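Undergrad: As a plain string of letters, each chain reads:
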Amino acid sequence: MSRVWSTLQRAWRQRALVLALARRELLARYRGGVLGFFWSLLNPLLLLLVYATVFRLVFTPRADVRPYALFLFAGVLCWGFVSSALLDAAETFRTNGPLLRKTTVAPEVFPAVSTGARFAHLVLALPVLAGAIAIGALDGSVRPDAAVLQFPVVLVLLAAMVLGLALVVSSLSVHFGDVRDLLANVLTLTFFLTPILYPIESAPRRLRLLFWLNPFAPFFVAVHESAFFFRPVPAIAWAGMIVWTFLALAAGAAVFERLRDSIAEEA
Amino acid sequence: MTPPPAAIDVQSLTKLYRRWGKKRSIGTFKSALLSGRPGRALAPDEAIPALTDVSFTVAPGETVGIVGPNGSGKSTLLKVLAGILRPTAGSVSVRGRLAALLELGAGFHPEISGRENIEINGLLLGLSRKEIARRFDEIVRFAELEEFLDAPVKTYSSGMAVRLGFSIAAHSDPDVLLVDEVLAVGDEAFSRRSLEKFAEFERAGKTLLFVSHDLGLIAERCHRAIWLDGGRVAADAPAGEAVTLYRESVAAREAARRAQPRSAPAAGRPRRVGSGAATLAAVRLLDSAGRETVRLRSGEAARLVMEVEAPEPLDDFVFGFAISTVAGATVFGSNTAIDGFVPSGLEAPSTVALDIPSLELAPGVYSVDAAIHARDGSPYDYRRDVLRFEVAAEHPTAGVWSPDRRWSFSEGIRWKT
Numbered sequence: 001m002s003r004v005w006s007t008l009q010r011a012w013r014q015r016a017l018v019l020a021l022a023r024r025e026l027l028a029r030y031r032g033g034v035l036g037f038f039w040s041l042l043n044p045l046l047l048l049l050v051y052a053t054v055f056r057l058v059f060t061p062r063a064d065v066r067p068y069a070l071f072l073f074a075g076v077l078c079w080g081f082v083s084s085a086l087l088d089a090a091e092t093f094r095t096n097g098p099l100l101r102k103t104t105v106a107p108e109v110f111p112a113v114s115t116g117a118r119f120a121h122l123v124l125a126l127p128v129l130a131g132a133i134a135i136g137a138l139d140g141s142v143r144p145d146a147a148v149l150q151f152p153v154v155l156v157l158l159a160a161m162v163l164g165l166a167l168v169v170s171s172l173s174v175h176f177g178d179v180r181d182l183l184a185n186v187l188t189l190t191f192f193l194t195p196i197l198y199p200i201e202s203a204p205r206r207l208r209l210l211f212w213l214n215p216f217a218p219f220f221v222a223v224h225e226s227a228f229f230f231r232p233v234p235a236i237a238w239a240g241m242i243v244w245t246f247l248a249l250a251a252g253a254a255v256f257e258r259l260r261d262s263i264a265e266e267a
Numbered sequence: 001m002t003p004p005p006a007a008i009d010v011q012s013l014t015k016l017y018r019r020w021g022k023k024r025s026i027g028t029f030k031s032a033l034l035s036g037r038p039g040r041a042l043a044p045d046e047a048i049p050a051l052t053d054v055s056f057t058v059a060p061g062e063t064v065g066i067v068g069p070n071g072s073g074k075s076t077l078l079k080v081l082a083g084i085l086r087p088t089a090g091s092v093s094v095r096g097r098l099a100a101l102l103e104l105g106a107g108f109h110p111e112i113s114g115r116e117n118i119e120i121n122g123l124l125l126g127l128s129r130k131e132i133a134r135r136f137d138e139i140v141r142f143a144e145l146e147e148f149l150d151a152p153v154k155t156y157s158s159g160m161a162v163r164l165g166f167s168i169a170a171h172s173d174p175d176v177l178l179v180d181e182v183l184a185v186g187d188e189a190f191s192r193r194s195l196e197k198f199a200e201f202e203r204a205g206k207t208l209l210f211v212s213h214d215l216g217l218i219a220e221r222c223h224r225a226i227w228l229d230g231g232r233v234a235a236d237a238p239a240g241e242a243v244t245l246y247r248e249s250v251a252a253r254e255a256a257r258r259a260q261p262r263s264a265p266a267a268g269r270p271r272r273v274g275s276g277a278a279t280l281a282a283v284r285l286l287d288s289a290g291r292e293t294v295r296l297r298s299g300e301a302a303r304l305v306m307e308v309e310a311p312e313p314l315d316d317f318v319f320g321f322a323i324s325t326v327a328g329a330t331v332f333g334s335n336t337a338i339d340g341f342v343p344s345g346l347e348a349p350s351t352v353a354l355d356i357p358s359l360e361l362a363p364g365v366y367s368v369d370a371a372i373h374a375r376d377g378s379p380y381d382y383r384r385d386v387l388r389f390e391v392a393a394e395h396p397t398a399g400v401w402s403p404d405r406r407w408s409f410s411e412g413i414r415w416k417t
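Protein chains in written order, with the numbering used here: chain A, 1 to 267; chain B, 1 to 417.
One or more hints might be untrue.
[Stated by the list, open to error] Cβ-to-Cβ under 8 Å is the rule here; a few derived chain B residues that face chain A:
hint: 1; residue: 17
hint: 2; residue: 18
hint: 3; residue: 83
hint: 4; residue: 90
hint: 5; residue: 92
hint: 6; residue: 93
hint: 7; residue: 96
hint: 8; residue: 188
hint: 9; residue: 214
hint: 10; residue: 216
hint: 11; residue: 338
Worth flagging that the hints you see were computed from the coordinates, not collected in a lab. If you're wondering where the values come from, they're calculated on a predicted model, not measured in any experiment. Where a beta carbon is used, it is the ideal one built from N, C-alpha and C, also for glycine.
Same shape as in the complex, but just chain A (with noise of 0.2 Å):
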């Protein structure tokens, strides 16, 4: 507990450099398209259009999800956001090897680094998806209140376990070359099992606990709950969250503490 305390505290103390180095990843992307931060409402918006176009011309989803578009946009939204991180963290310490190798930076900057810069797309995603509700809500096929406040609260955890993922990803990736690669297999995987395409209510009955115990799921359900059917996330949904971003966390922690000295001298 104390480690985890220490490990975050010192990356607190960093926090002016994380954002500096996010906002370089930021505008490093953006450079030099003419579009500029255009593009990062851009993608999204394609995303959205696409899906709204395909369940509605080609695929009838289910009754119970409608707009199947939106559901699903809020939720691959939150997914890209959590692939991406972790995939960057994987590659973090090899990136900015010479930065670690030649400068006195704490190396947990650059998790944090790849973890807050993804957020930073998620958030700048944000005004399209609430453009979207906007428009459902203009044709009546969602009505959202005040139960999208949950939404941002939601988003904060998931950062954090996201976080500390990241910790273990990049750390580990110091040490083995194929992480990245494993990481994406998982993450696929991951995708298929996690809540994102479809209701946790649409797993099979008998195997409904075995999707519950899916670190995402919580976090998934809660993101359905609060931006797609403007209901209170559910009692069970929070305490996952909190126990499984605790428990990310304290891996991450603990991870990085265990290899944080081979990380200068590998990367």
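Starting from the structure of chain A, add chain B where the hints point.
TA: Below, chain B without anything else, positioned relative to chain A:
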């Protein structure tokens, strides 16, 4: 009165580099998991000592140089002092704000502007946003990059990037500055300006620790130098002395290496040619006391000796020596014919000696060629690079000649004594 607390205090520092190499080259996370003992894959296979039992202290305001061959642990030492690496054993403490210049512009991102990079680099050096804002103009002025501030760093020349990196570090106002061989980069003017900046640090009572292969610079700039060899402190002495000791060891090692049987001669320029009518059995360098040596001080007396063997008596022979720099420029060359000796007879074995009362060579490593040949130049035995020796001096000079010299000044020129 007790002395002021040390700015840098290193006690029995040992640093082992752990190797995961063996397993890692084939090892993957997948196989580590499949082995059922993933923790085992994270245990190091072997430990390689980079520093062993290193202790020293540096007083505030001191400028200390670190010298030693590649792989002697110099950079590891700086990294441990900077906190990038942790000591395996022993302790390291640094008082005050520390800045490490291990590589200029290490934190630059090519896609973003100089302005943004200044901020990030400053944060990396431990400055707060406020401090960066306050020093921003000065940083830019020193780097002479006013016009390029908003251009991405990838459009900078390497010289510009180096200037900017140095300027940021120099303005981070550390109490202790660690510098690793960064002065080797940049043009003449920049090197001079960075040296001026270091002098400014020194005057401001800051502590400076720097690694350099430029021994002349260390001897000139540092109060003290630490010579690291194989991860241990081989000498910790006033800079001139430590540098001389280190130079001597380099020359001795070089001599030992050459004592090994030679491998194939360098292509194109055979090291030894000749008919064998007479041969050079040995070539030696003796110091003023008559001891064989490979190290001399500039201005010392030297004697070059060749031992000659010949199967048959000869009546046509010339003995010669040449001294050149290792880069190949001839510094001196003469032979008995040039110096007016007309041969009459030679019965081997015999010895030829050339005395040089004052070897007025600048510090450096020199190579000796020795030859016996006929008066028409056809070689009996011509040996290139048969011997190397090093000349050491208290102060480095430029060029290859370091004559005995005296300055004089008219009235109106005064010097601090």
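Undergrad: Are the hints correct? Go through all of them and say.
TA: Hint check:
Residue-level restraint check for residue 17/B holds (minimum Cβ-Cβ distance to chain A is 6 Å; threshold 8 Å). At a threshold of 8 Å, the smallest CB-CB gap from residue 18/B to chain A is about 7 Å, leaving the interface hint in force. Because the smallest distance between the Cβ of residue 83/B and any Cβ of chain A comes to about 6 Å, under 8 Å, the interface hint for this residue holds. Evaluation of the residue 90/B hint against chain A yields a violated restraint, the C-beta minimum of about 15 Å exceeding 8 Å.
A hinted interface residue such as residue 92/B counts as satisfied when its beta carbon comes closer than 8 Å to some beta carbon of chain A; here the least separation is about 13 Å, so the hint is violated. For the restraint placing residue 93/B at the interface with chain A, the shortest Cβ-Cβ distance is roughly 15 Å, beyond the 8 Å limit, so the hint is violated. With 8 Å as the threshold, the beta carbon of residue 96/B stays out of range of chain A, its nearest partner Cβ sitting at about 14 Å, so the hint is violated. Annotation: interface hint on residue 188/B violated; nearest CB of chain A at approximately 25 Å, more than 8 Å.
Interface hint at residue 214/B: violated, since its Cβ lies 20 Å from the closest Cβ of chain A, which is beyond the 8 Å cut-off. Checking residue 216/B against chain A by beta carbon gives a least distance of about 26 Å; that is not within 8 Å, so the hint is violated. Among the interface hints, the one on residue 338/B is violated; its C-beta lies about 55 Å from the nearest C-beta in chain A, farther than the 8 Å criterion.
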